[in-house]
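Each chain is listed here by its residues.
2 protein chains.
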Amino acid sequence: MDEDDVSVLVASLLRGDRRALARLITLVENRPRLRDRIMSLIYPYTGNAYVIGITGSPGSGKSTLVDKLTGELRTRGKTVGIIAIDPTSPFTGGAILGDRIRMLSKSTDEGVFIRSMSTRGSLGGLSRAAYDAIALLDAFGKDFVIVETVGTGQAEVDIVDAAYTSIVVVTPDMGDEIQAIKAGILEIADIFVVNKADLENVDATVMALQMMLDLSDKGDWRPPIIKTVATKGVGVKELLDAIERHKAYICETDRIEKMHYKRSKVRILEIVRSKLMDKLIRELENSGELDRIVKCVVEKKMDPYSAADEILRKLDKK
Amino acid sequence: MDEDDVSVLVASLLRGDRRALARLITLVENRPRLRDRIMSLIYPYTGNAYVIGITGSPGSGKSTLVDKLTGELRTRGKTVGIIAIDPTSPFTGGAILGDRIRMLSKSTDEGVFIRSMSTRGSLGGLSRAAYDAIALLDAFGKDFVIVETVGTGQAEVDIVDAAYTSIVVVTPDMGDEIQAIKAGILEIADIFVVNKADLENVDATVMALQMMLDLSDKGDWRPPIIKTVATKGVGVKELLDAIERHKAYICETDRIEKMHYKRSKVRILEIVRSKLMDKLIRELENSGELDRIVKCVVEKKMDPYSAADEILRKLDKK
Numbered sequence: 008m009d010e011d012d013v014s015v016l017v018a019s020l021l022r023g024d025r026r027a028l029a030r031l032i033t034l035v036e037n038r039p040r041l042r043d044r045i046m047s048l049i050y051p052y053t054g055n056a057y058v059i060g061i062t063g064s065p066g067s068g069k070s071t072l073v074d075k076l077t078g079e080l081r082t083r084g085k086t087v088g089i090i091a092i093d094p095t096s097p098f099t100g101g102a103i104l105g106d107r108i109r110m111l112s113k114s115t116d117e118g119v120f121i122r123s124m125s126t127r128g129s130l131g132g133l134s135r136a137a138y139d140a141i142a143l144l145d146a147f148g149k150d151f152v153i154v155e156t157v158g159t160g161q162a163e164v165d166i167v168d169a170a171y172t173s174i175v176v177v178t179p180d181m182g183d184e185i186q187a188i189k190a191g192i193l194e195i196a197d198i199f200v201v202n203k204a205d206l207e208n209v210d211a212t213v214m215a216l217q218m219m220l221d222l223s224d225k226g227d228w229r230p231p232i233i234k235t236v237a238t239k240g241v242g243v244k245e246l247l248d249a250i251e252r253h254k255a256y257i258c259e260t261d262r263i264e265k266m267h268y269k270r271s272k273v274r275i276l277e278i279v280r281s282k283l284m285d286k287l288i289r290e291l292e293n294s295g296e297l298d299r300i301v302k303c304v305v306e307k308k309m310d311p312y313s314a315a316d317e318i319l320r321k322l323d324k325k
Numbered sequence: 008m009d010e011d012d013v014s015v016l017v018a019s020l021l022r023g024d025r026r027a028l029a030r031l032i033t034l035v036e037n038r039p040r041l042r043d044r045i046m047s048l049i050y051p052y053t054g055n056a057y058v059i060g061i062t063g064s065p066g067s068g069k070s071t072l073v074d075k076l077t078g079e080l081r082t083r084g085k086t087v088g089i090i091a092i093d094p095t096s097p098f099t100g101g102a103i104l105g106d107r108i109r110m111l112s113k114s115t116d117e118g119v120f121i122r123s124m125s126t127r128g129s130l131g132g133l134s135r136a137a138y139d140a141i142a143l144l145d146a147f148g149k150d151f152v153i154v155e156t157v158g159t160g161q162a163e164v165d166i167v168d169a170a171y172t173s174i175v176v177v178t179p180d181m182g183d184e185i186q187a188i189k190a191g192i193l194e195i196a197d198i199f200v201v202n203k204a205d206l207e208n209v210d211a212t213v214m215a216l217q218m219m220l221d222l223s224d225k226g227d228w229r230p231p232i233i234k235t236v237a238t239k240g241v242g243v244k245e246l247l248d249a250i251e252r253h254k255a256y257i258c259e260t261d262r263i264e265k266m267h268y269k270r271s272k273v274r275i276l277e278i279v280r281s282k283l284m285d286k287l288i289r290e291l292e293n294s295g296e297l298d299r300i301v302k303c304v305v306e307k308k309m310d311p312y313s314a315a316d317e318i319l320r321k322l323d324k325k
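As you go down the protein sequences, you meet chains A and B in turn. Sequential numbering from 8 applies to the first sequence in the working numbering. Sequential numbering from 8 applies to the second sequence in the working numbering.
If you are wondering where the hints come from, they were derived from the structure by calculation, not from laboratory data. Where hints are given, some of them may not hold.
The list makes no distinction among identical chains, and a pair is therefore deemed to hold if it is satisfied within one copy or across any two copies.
Using 35 Å as the maximum straight-line C-alpha spacing, the simulated DSBU-like pairs for lysine-lysine come out as follows [said to hold, decoys possible]:
no.: 1; residue 1: Lys286; residue 2: Lys321
no.: 2; residue 1: Lys282; residue 2: Lys234
no.: 3; residue 1: Lys307; residue 2: Lys282
no.: 4; residue 1: Lys244; residue 2: Lys308
no.: 5; residue 1: Lys302; residue 2: Lys269
no.: 6; residue 1: Lys265; residue 2: Lys286
no.: 7; residue 1: Lys324; residue 2: Lys282
no.: 8; residue 1: Lys286; residue 2: Lys324
no.: 9; residue 1: Lys239; residue 2: Lys324
no.: 10; residue 1: Lys234; residue 2: Lys85
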């Protein structure tokens, strides 16, 4: 696989070849050098997909909801790409849930493309490869890209950097601790979904969210709260209507330009950081300098901050 | 507050002044310049505390378990510092759970010091300030420092970098999705706790963990599985015994030296990265260079990787 093969693959992707798309996602995940080339080739064709983020605690029914939402988007004639972000094993580097077989009823539909990705290599949640996969699905021509993150950690929070509309899924059976965490994801949510709305306590959950929204200042968009029973498809149309309203809201002002600017900046700096540190660490390790300084810290001749300053001083001199 | 005041505070900390400790933790959290000075002053006094990490999903009863474990450590004559890591709000930067009043029955005990911290400023979970707080509690003279992380995200995984013994808490009432995530935290755990062991399915949970352990290769330490009912204090003695066994295991070999080396290296590089990027971003913003490049990316004249490369080329020339 060299740069010429990559150009051929990208041409196939732009013609709508699903296998080329799958292949290219794997390449941006695993081959940094080819990734740079791929991204520069496809970048001019991006910017048309609308990115939706869906997040929530494990067991909240996100995957089922994504499935039903995808069905509704298909009914409305839209094509959909789905990226499911799985927690990464810190040791193997792979996605923990592996290539889980997603129960998506639409998985044989040509208008839908699904991919699981790990959080590997991330400096704070969504991995760089996830952003690249969004760009590939975008260039491929998907109208909507849905990014689904699991867990209550950083990936959940970072979805705001990738998605235009962020949806937070809660359920009526969540305990107190989760309620407390919700106060944080409150600020992320453009739309709340109370899934499993056929359980008890659904009204209490909606009221608790309403109260939190009353106390917070979300500017001129107040996140709607949509009740769903994803397993039965209840409320899914209403959810998509809410997404369309939010889309119209952010597109009718200069809000979407500001989003693009901020996101581009964050992405560029993240790439700079990663490349710069890779290079620096390689140099420091090759010269034996890093080993010497780490040993000083281990022996308490130096604290970590002074050690970092010494490295930075050396860099400045060069 | 200047560097002289800091020296006075550090002297008070070393004499065992709790208010100085609290003050210094606040300073390392909020004042980067003073933090460097504080860390260089206290670093020679660190290295005596044994750091335990406790992690698990929301609602697993971690806080209660930490409470009871602390009680057991106190009974055995040990002093304890507790750092509870809360998820950070990406917008306010503060800890979401705020300065939550922890229900710790030992909170009036002079031998116990408790602090909640946010994940703010973290590049992947535990914040730098959390490491600094561990060092402060260590220099203060605590025999044990317990770091409690909430959530299923990165902070949970990064606890391995801070703790000598990492404990993962699960409960019998966890759903399938959490079971899957557990496969990842399997690799983190030195000890498993099945809390709420008075619920149904406890034996099934223990068996599932045993099976996962049978399939994995943890070297010559097989993580024990301890059943607890934290609310009633059941199993807490057994848990502390297991911790002591693991402590003996890692201390009797050169394992602990290797841990110190690896952790020092990770910390130094994290500080280098953060300081380097702060400086770089400041320079790029002041010169207007960053704004120019971001605009190129927004307008699709350039992709983010090429933009990053342009910045790196400029750096190399300087």
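Exercise for the section: Compare the structure with the hints numbered earlier in the document and write down the numbers of the violated ones, lowest to highest. Expected result: 2, 4 and 9
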